[in-house]
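Q: Given next are the chains, with one letter for each unit.
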Amino acid sequence: MMAAPRFDRALLLVTPATLFMLLLFIYPFIYGLVLSFQPMEEAGWLANYQKFFSTANLWMTIGTTLKLALPATMVNVALALPMAFKMRGTSRIQKLVTMLLVIPVTLGTVLIAEGMLTYFGPRGWLSQTLQWLHLYEGPIRLTHNYWGVLISLVISGFPFVFLLMLSYITGIDPVLARAASTLGASPAAQFRHIYLPLLIPGIAMAFCLAFVQAFSVLPSAVLLGAPAGPTRVISIAAYEAAFEQYDYSMASAIAMIMGFVQLVVVAAVLSLRGLFYRGPVAGGKG
Amino acid sequence: MAMKKHLAGGGMMRGRWIDRAWSGLIAGLMAFFLLNIGLMIAAVAVNSFGKRWLGTWLPEGWTLNWYAEAWKEFQLGSVLLVTAEVVGAVVLLAVLLGVPAAYTLARRDFPGKKLLMLLFLLPLMVPPITYGIPLATVLYKLHLGGTIYGVILANLIPALPFVILVMTPFIEQIDPNLESAARVFGASTGRVFRHVLVPLLAPGILAAALLVLVRTTALFELTFLTAGSDSQTLVVALYYAVFAAGVRATQSVDAMAMVYMVMTLVWLLIALRFVNPTQLVSRVREAPRGN
Chain P
1 MMAAPRFDRA
11 LLLVTPATLF
21 MLLLFIYPFI
31 YGLVLSFQPM
41 EEAGWLANYQ
51 KFFSTANLWM
61 TIGTTLKLAL
71 PATMVNVALA
81 LPMAFKMRGT
91 SRIQKLVTML
101 LVIPVTLGTV
111 LIAEGMLTYF
121 GPRGWLSQTL
131 QWLHLYEGPI
141 RLTHNYWGVL
151 ISLVISGFPF
161 VFLLMLSYIT
171 GIDPVLARAA
181 STLGASPAAQ
191 FRHIYLPLLI
201 PGIAMAFCLA
211 FVQAFSVLPS
221 AVLLGAPAGP
231 TRVISIAAYE
241 AAFEQYDYSM
251 ASAIAMIMGF
261 VQLVVVAAVL
271 SLRGLFYRGP
281 VAGGKG
Chain W
1001 MAMKKHLAGG
1011 GMMRGRWIDR
1021 AWSGLIAGLM
1031 AFFLLNIGLM
1041 IAAVAVNSFG
1051 KRWLGTWLPE
1061 GWTLNWYAEA
1071 WKEFQLGSVL
1081 LVTAEVVGAV
1091 VLLAVLLGVP
1101 AAYTLARRDF
1111 PGKKLLMLLF
1121 LLPLMVPPIT
1131 YGIPLATVLY
1141 KLHLGGTIYG
1151 VILANLIPAL
1161 PFVILVMTPF
1171 IEQIDPNLES
1181 AARVFGASTG
1191 RVFRHVLVPL
1201 LAPGILAAAL
1211 LVLVRTTALF
1221 ELTFLTAGSD
1231 SQTLVVALYY
1241 AVFAAGVRAT
1251 QSVDAMAMVY
1261 MVMTLVWLLI
1271 ALRFVNPTQL
1281 VSRVREAPRG
1291 N
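Which chain is which? The protein sequence lines are P and W, in order.
Residue numbering for the first sequence follows the numbering used here, starting at 1 and increasing by one per position.
Residue numbering for the second sequence follows the numbering used here, starting at 1001 and increasing by one per position.
Any given hint might turn out to be false.
To be verified - Short derived list, chain W residues pointing at chain P, Cβ under 7 Å:
#	residue
1	L1119
2	I1133
3	P1134
4	A1218
5	L1269
Hints were generated in silico from the structure; no laboratory data involved.
For every residue, glycine included, the Cβ atom is placed at its ideal position computed from N, Cα and C.
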C-alpha cells in the first residue's frame, strides 16, 4: 500500500548520493572514455589504442600483470577456502585467528612492501635464519623482482579472500552439515557434498574480487619489484602516461584497456562457474 | 582435495587419519603465514628502534632518535593533520549522504532501483586505480586536483557506497511500524529521522563510520592519484618515503611506518569492538538483500 499517488518525498533522500556518484564516478568514466579517442597528436581517433598495441613496453604490461595477478589469486583462493572452512566455528581460538588475519588487510600494500623490504631483504631475519639453518647459502633474492611482488600480493590478498570466504561459509546454515553428520558424514564428506556445492558462487565471486584487486597492483610493483622490467604492470604504464608524460588521453586509454581485461577475466570466471552474467559482478570496467 | 567415500571399516579408519593430517597441514600453513606476518611487523619495529643493524640478529643498541628524525624529515605533524582532516571529512560526508540514501533503498520500491543499486555497487567492484585516472583528469581540469578537496571527493567515491551497503540491512531490521506510529502522531520526515531512526540506527552508523575510517586511512591509490605535495595522507607520504629510501635512512622510514601502523591498529581495534571482522571486506553478501 506504499504507492502514493503524489510524489514520494523519500526519493529526495537518495538524490544527493545519486548525484554525487553520477558526477564523480560515471561522468569521469565517460569523460575518460571519450578522451581516450581524442589523442594528443593529430592522428586518427584510434591512435592511442594503436600505439598501445604496437609498442612493446605497453602491450607487454597486460601479460606481466596477468602473470602476477592470476597465480596470486589462485594461491589465495586455494589457501583461503580450507582455512576459512576450519575457522567457521565461534571458539575463542578461531575468533583470535580471524582477528589476527584482519591486520594485513588494513595495513595496506605500502606497509607490507616496507615490511617485506626489511624482513625478506638480503640482510633480513629470513635470510639470516636460512643461513643459520644451513638451508640456503648466500643472500636470498625475494625483493626487487617478480617473486617479491607475487609474495606481497599473496600477503595482502589472502586475508581479504579469507574473510570473504568466511562470510560466505558462515552464511550457510550449519543445520545442513549437522544433519549430514548425524547420517555419518565425516567433516571431509560434509565439505565435499554440502559446503562446496553451495560455495561455488561465493568462490567465483571471491576469485573475481581478489583478481581485480591484484590486477591493479601499483605500490608493491614499484617498491618491491623491478618496475622497469619484469614487474612493469599495466597500472605503472597508466600512471606514467598521466603523471610523467601528462598525456591524459593515453592514460585514459590504458585505464580503459585495464578495465576491459579485468572484465574479460571476470566474465570468463563467472561463465566457467556456470553462473549467469550478472551486472554488478562483471562491472570491472571503469 | 582428494577425499573419497569410505564404506568399509578399514576405509573409515584411513579416512580419519587423512582428515587429521589435513587439519594439521591447514593449521600449520596458517601458523606459518601468521608467524611470518608477525616477524615482518617485528622487523620493522626493531629497525625503527635500533641504532645500527647490519647482518646480526638484533641491532647494537636502542634509540628513539629515528622517530624524532622521521617527524622532522617527513613533516609528520602536518601529514597527520591532513590525514585527520581528509578521513574526518570523508567519514562525515559519507554518513550524511549515505544514511538517508540507504533508508530510501531499504524502505521504498521505485522504478530504476536496481539500476541505482548497480551504481552504488560498481565503485566497490572496480579497483580504484582504474577509475582513479579518469577521475584525476577531471579533478585537475576543475582545479581540484592536488588540493585537499580533491582528495576528499576522490576518497568519498568508494566510501559512500560502502556506507549505503553496510547501512541498508541495518535499516531493514527496524520495524516500519515504529515510523508509522510516529507519523500517525504528526511527526515530519525530519523528526522521524531525528527522534526515531537515528537513535535506533546509532550502532549501525557507528559501525559504518568506523569501517570507512579504517578503509580510508589505508586507501592508497585514490589519494596517490589526486594529492598534491601538501595534501598527502600518511599512507601516501609513507609510499614516497619508501620510494626514496635510497637517500634516507631506512630506520627513519621504518619509524614512519610504525607511526602509520600504530594509528591504523588503534582504529582497527576500536572498530573490531563494534563490528564483525568479515564486514571489513564483504559487502557483496549484503548487497542482494538490499533489493
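Q: Does each hint fit the structure? Answer for all of them.
A: Going down the list of hints, with the structure as the test:
1. L1119: holds (5 Å)
2. I1133: holds (4 Å)
3. P1134: Result: holds, 3 Å to nearest chain P Cβ.
4. A1218: holds (4 Å)
5. L1269: This hint is violated: L1269 (chain W) lies away from chain P, its Cβ roughly 9 Å from the closest one there, beyond 7 Å.
When each numbered hint is compared with the structure, a violation occurs for hint 5 only.
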